[in-house]
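Protein chains: 2
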Amino acid sequence: MTTSRPTPSVLKNDLYQFTMAYAYWRNGMHLKPAVFDFFFRQCPFEGEFAIFAGLADLLDFLENGFRFNDEKIEYLRSQPLKGADPEFFKWLKTVDSSPLRIYALAEGTLAFPRVPLIRAEGPIAIAQILETPLLEICNFASLMTTNARRFRMAAGMDKMLLEFGLRRAQDGTRASYYSWLGGFDGTSNVDAAKNLDILPKGTMAHSFVSSFSDHSDLNSSILRSCVDGKDRNFLEAVLKVRSELHFENTNPGELAAFIAYAQTFPSGFLALIDTYDTLNSGLPNFICVAVALNGFGYRPLGVRLDSGDLADLSKKCRQKLHEVDTEYGFYLLGGIKICASNEIDEKVLLSFEKQGHEIDVFGIGTHVVTCQNQPAFGGVYKLVEVDGKSCIKISQKRDKMSFPGRKDAHRLIGQDGKAILDLITKHIHPTSLKEKTILCCDPFDETDRIAVIPSEIIPLHTLIWDGGLTSPLPTPPEIKKRIDQEMTRLREDHLRTVNPTPYRVSLSLELYGHLQDILRRNMVVPLIK
Amino acid sequence: MTTSRPTPSVLKNDLYQFTMAYAYWRNGMHLKPAVFDFFFRQCPFEGEFAIFAGLADLLDFLENGFRFNDEKIEYLRSQPLKGADPEFFKWLKTVDSSPLRIYALAEGTLAFPRVPLIRAEGPIAIAQILETPLLEICNFASLMTTNARRFRMAAGMDKMLLEFGLRRAQDGTRASYYSWLGGFDGTSNVDAAKNLDILPKGTMAHSFVSSFSDHSDLNSSILRSCVDGKDRNFLEAVLKVRSELHFENTNPGELAAFIAYAQTFPSGFLALIDTYDTLNSGLPNFICVAVALNGFGYRPLGVRLDSGDLADLSKKCRQKLHEVDTEYGFYLLGGIKICASNEIDEKVLLSFEKQGHEIDVFGIGTHVVTCQNQPAFGGVYKLVEVDGKSCIKISQKRDKMSFPGRKDAHRLIGQDGKAILDLITKHIHPTSLKEKTILCCDPFDETDRIAVIPSEIIPLHTLIWDGGLTSPLPTPPEIKKRIDQEMTRLREDHLRTVNPTPYRVSLSLELYGHLQDILRRNMVVPLIK
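Here the protein sequences come in this chain order: H and U. Yeah, the first sequence ends on 529 if you go by this note's numbering, and it's all consecutive. Yeah, the second sequence ends on 529 if you go by this note's numbering, and it's all consecutive.
It is worth saying that the hints were derived from the structure and are not from the lab. Do not rely on the hints blindly, as some may be mistaken.
Identical copies carry no separate label here, and so any pair may be met within one copy or between two of them.
Once the Cα atoms are required to be at most 25 Å apart in a straight line, the calculated BS3-like pairs of lysine-lysine come out as [what the hints assert, rightly or not]:
1. K529 <-> K320
2. K240 <-> K529
3. K400 <-> K347
4. K436 <-> K426
5. K315 <-> K529
Whenever a hint applies, use it, and build me the whole structure from the sequences.
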């Protein structure tokens, strides 16, 4: 199962993949074996980790999207590649993902700068066409999942996190799915929840509250009691509590709306209390209905705050709920969940923690679904080998350089079970690293090297696609669980919000030498006269 | 025609639309006539205008997406609304967009804070269900279109703007479409270009360049001359130019890649020149191939810079191209287009203008497609009237308040043809405003009023959906053109990047009074003892 968005077409692609494919073909090199790396250069959100996601969507594309039917061929032939050799299109018609081999991190694995998340191997023209779909699929998926995990870390593991962002999302379908994967408990997005087989969340908006003027808008005063199964006058019960608690000075339409909602969902009563005035109207109105509901044998669920100083309001609400419990002499409203929403981002969550609050459930929209702090993941897909020869892109900026050749990556684990560093090596036999002191070289600084005797070496890449799926994919709940486990591998200082310690990514000595060699072979030394 | 993304399902929706629909139904009020406004409170990107977009997509949803089949009903019945009255689902099964009336700005119209972009009317439960789909569709569309227009303004009207962002996009399909609508000339996204019936753009990536080692990788030296139709040795011609110009000290793989590309696309030769070293390798290699191509009767197109100091490099490239023209004594390379890409945003474009540059074409990715400066548009959808009675949401913050009642909006035009302000009134007969002095009241400040005798009054809302489309929709090129025209309506000072003058949005005196009235009727005055 994937995100439920439709499989993208192979033409959801940059044109240059097809112009290059044609140029490769025209030069008779389109079937040369090539290796491409998908990696990123910098972790998102000023952090020092990312979580790799999107693999299931990518495999869905390889299985169901990567082919050219007559209509697609005809479009390319008649429009952007007009005039190209007809034989090319005959070949293109045969192209699909069957000659590709995809090595990848397991979905949900921690990922770090320059460690390939995916290594794609296959005929150069075909692996080239994969570039844009792969990036389009994995970049946002990894960004979103990482973002959601950061929200989870900021909120604490014991709070409930709900994603409410569909209305502001650029891609709500993927946003809901990957938010959940990264650590959210639920979503208001019905379609996404259906796909995930979880219950979507939500109760009422301001429109519902403001559509009532007063209790003459109620078409019934009755609610069936859960205690004895008899229909009783609920409105009267509410008004009685209202009078006992001297809560008459509230907005009457709001009270009517809460009564109507409680009659509809007596076991699911959660009220939005900020339509007119949170503390002077919404909360007292809620309390009247909640106490009356209790008398009918139903347990009210909670309140939602959607404006104002959320942390402060949550404390004042909690205090008032306690006071009412004290007044009635029983524990009823102490169990009420306080939900808060409205422009909550990672920083706001952290500041809530500092100032103290009584919020049990966070509803988070815009900031999680758009990844407002950094709305794009900088993953790139670079050619590193063709026909057995290493390739490199040298840039004006050294850190934009790619590492040449077909490579493996390994996570070295220390005695405490935590990850020490990721080591990139030339492609090697999987056992050849074991039980040795390993010299780990910084890619850019010859003086920065460390020797490691790891307790465990985890090979990071698995062959997941070899013309077809090599093994069944994990389910979304399995991936979600994997992320929780992965996070325990990382030292606290890498996870800090402010100035986290960079996680070390090293090259083996052999790869370091190879990099220098390829660099020297391809660089241009300007001749000054 | 719309963006080409599939019509969203009605379940791509927030759950609370369905819980509220059920509560309205249960309270017998689901068919009460209601009016909802779609508006925003603040213009995006720290600007003072927005462009309304998404209407065609919305109408597509109304026509093709807004209905409940058995599977959808069964999901709601068995999962989130488990236990609800079966009669409700019988009713829900009959629900579609036929009882709705949609009044809207024409797509591509300038929009301002608090002026409804859309007014949706219909039975409250049905108009309620429309909320999330409408916001999901129109928020991002309006954001993207506005963002693209800002890039267009920053680049100047005479430059070519291409959108290259699919790989970093959250929703590449919509991003490409609305970028084009807002002012971009083209896109690399094949699928989006196909949908728009424009030619997608693109040539080569670094992978193509780095896949060649030297000219032994070429499978042919030949190119058919455009002058006499004869096959000639193109490689030799290139090497001759190289020797004449003393350009031997360049990367040989890059030169081979350029030759192969020119052999494939002799009339479309545009080379990416920064794979190894822009000025010392890429540009000289380009020049060799370009001069040789010219000898074969083909006109080379241009170079692309994708790293480094783009403005500075563009000037140095232009200078070198001129020098070669001078050396050969004919004008050939002067017409070369210089394209630049790499993390270009609105500010970078403005700084290019200031420092001077020789860039003809901008390739813009991440920043335009994700709207990095502000990735969400804050459009909201608020109930303003039910059963003929005005509703209001009062917030702790005054500027989050909605304006009550069924309203119209008008753009008042001055003698210079520029817009003076937008006036919101109670719903009135369209001609009743004409030829009067109109008192225009600030919604929040009683002391801020102006009287206007407009030269022209443009009613902003049209009934576009009345259970079905009321008239044929404009085509995308017509909408694009409309945006160009709309922009001429706005005074320069509203369009400034830094501290633009806010555009005035006023209420009629009658509406101002009505707002105060409804506010007083619904606000809660806390009683302090």
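Do the hints match the structure? See the list:
no. : hint          : verdict
1   : K529 <-> K320 : between (83 Å within a copy, 17 Å between copies)
2   : K240 <-> K529 : between (97 Å within a copy, 22 Å between copies)
3   : K400 <-> K347 : between (30 Å within a copy, 22 Å between copies)
4   : K436 <-> K426 : within (17 Å within a copy, 81 Å between copies)
5   : K315 <-> K529 : between (75 Å within a copy, 22 Å between copies)
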